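**Q** Sequence:
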Amino acid sequence: MTKNEKQLKTIAKQLQTLTQKVEKLADAAAKETPQKAKAKAKALVKPKAKAKAKVKAKKPAKKTAPKKASGKPTVLDSVLNLVNRSKKGVAIANIKKKTNLETRQLSNALYKLTKKGLIKTESRGVYTKA
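Using our numbering, the letters of the sequence shown correspond one by one to residues 1 to 130.
The set of hints was computed from the structure by calculation and includes no laboratory data.
As the structure is a prediction and not an experimental result, all values here were calculated from the model.
Check before you lean on any hint, since a few could be wrong.
Unchecked claim - Label-pair distances were calculated between CB atoms; the ranges are:
1) N108 / K88: 23 to 31 Å
2) E32 / N4: 14 to 22 Å
3) E122 / V75: 27 to 35 Å
4) E5 / A30: 35 to 43 Å
5) V126 / G71: 40 to 48 Å
C-beta: ideal position from N, C-alpha, C; glycine also.
With these hints in hand, go ahead and build the complete structure from the sequences.
**A** Set out below in structure tokens:
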């Protein structure tokens, strides 16, 4: 007997056992009443529907920027005013000196203003009004 013939015989045996299992399941399903089948289906469907509803209910609200009650300008406003006043553009070092902002704060402000289209990058580290 060759190697291929042995493999074919083992596959045939496995198919026979699978066929027997399928027949047993079919017989069990045929004996089951339609009402029991519906009850099982509902039991499987209901928990999934509830889980989806919970996920939808936990959707986070959109964040909005808090409005300043005092007359003091925000970080974005101060950086935007400084850039808008310049004719040729302002370097990051000059903005940092005049606004007394930390490096991270200044970087975030410049990023947000460029994304909004209020300022543009003239060259690396130099910003002008849009």
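**Q** Compare the structure with each hint and give your call.
**A** To see whether the hints hold, each was checked on the structure:
For the pair N108 and K88, the beta carbons lie near 24 Å from each other, so the given range of 23 to 31 Å is met. The hint said 14 to 22 Å for the Cβ distance between E32 and N4, and at roughly 42 Å that hint is violated. Taking the beta carbon of each, E122 and V75 are about 21 Å apart, not inside 27 to 35 Å as hinted. A beta carbon spacing of about 37 Å between E5 and A30 agrees with the range 35 to 43 Å that was offered as a hint.
At about 30 Å, the CB distance of V126 to G71 disagrees with the hint of 40 to 48 Å.
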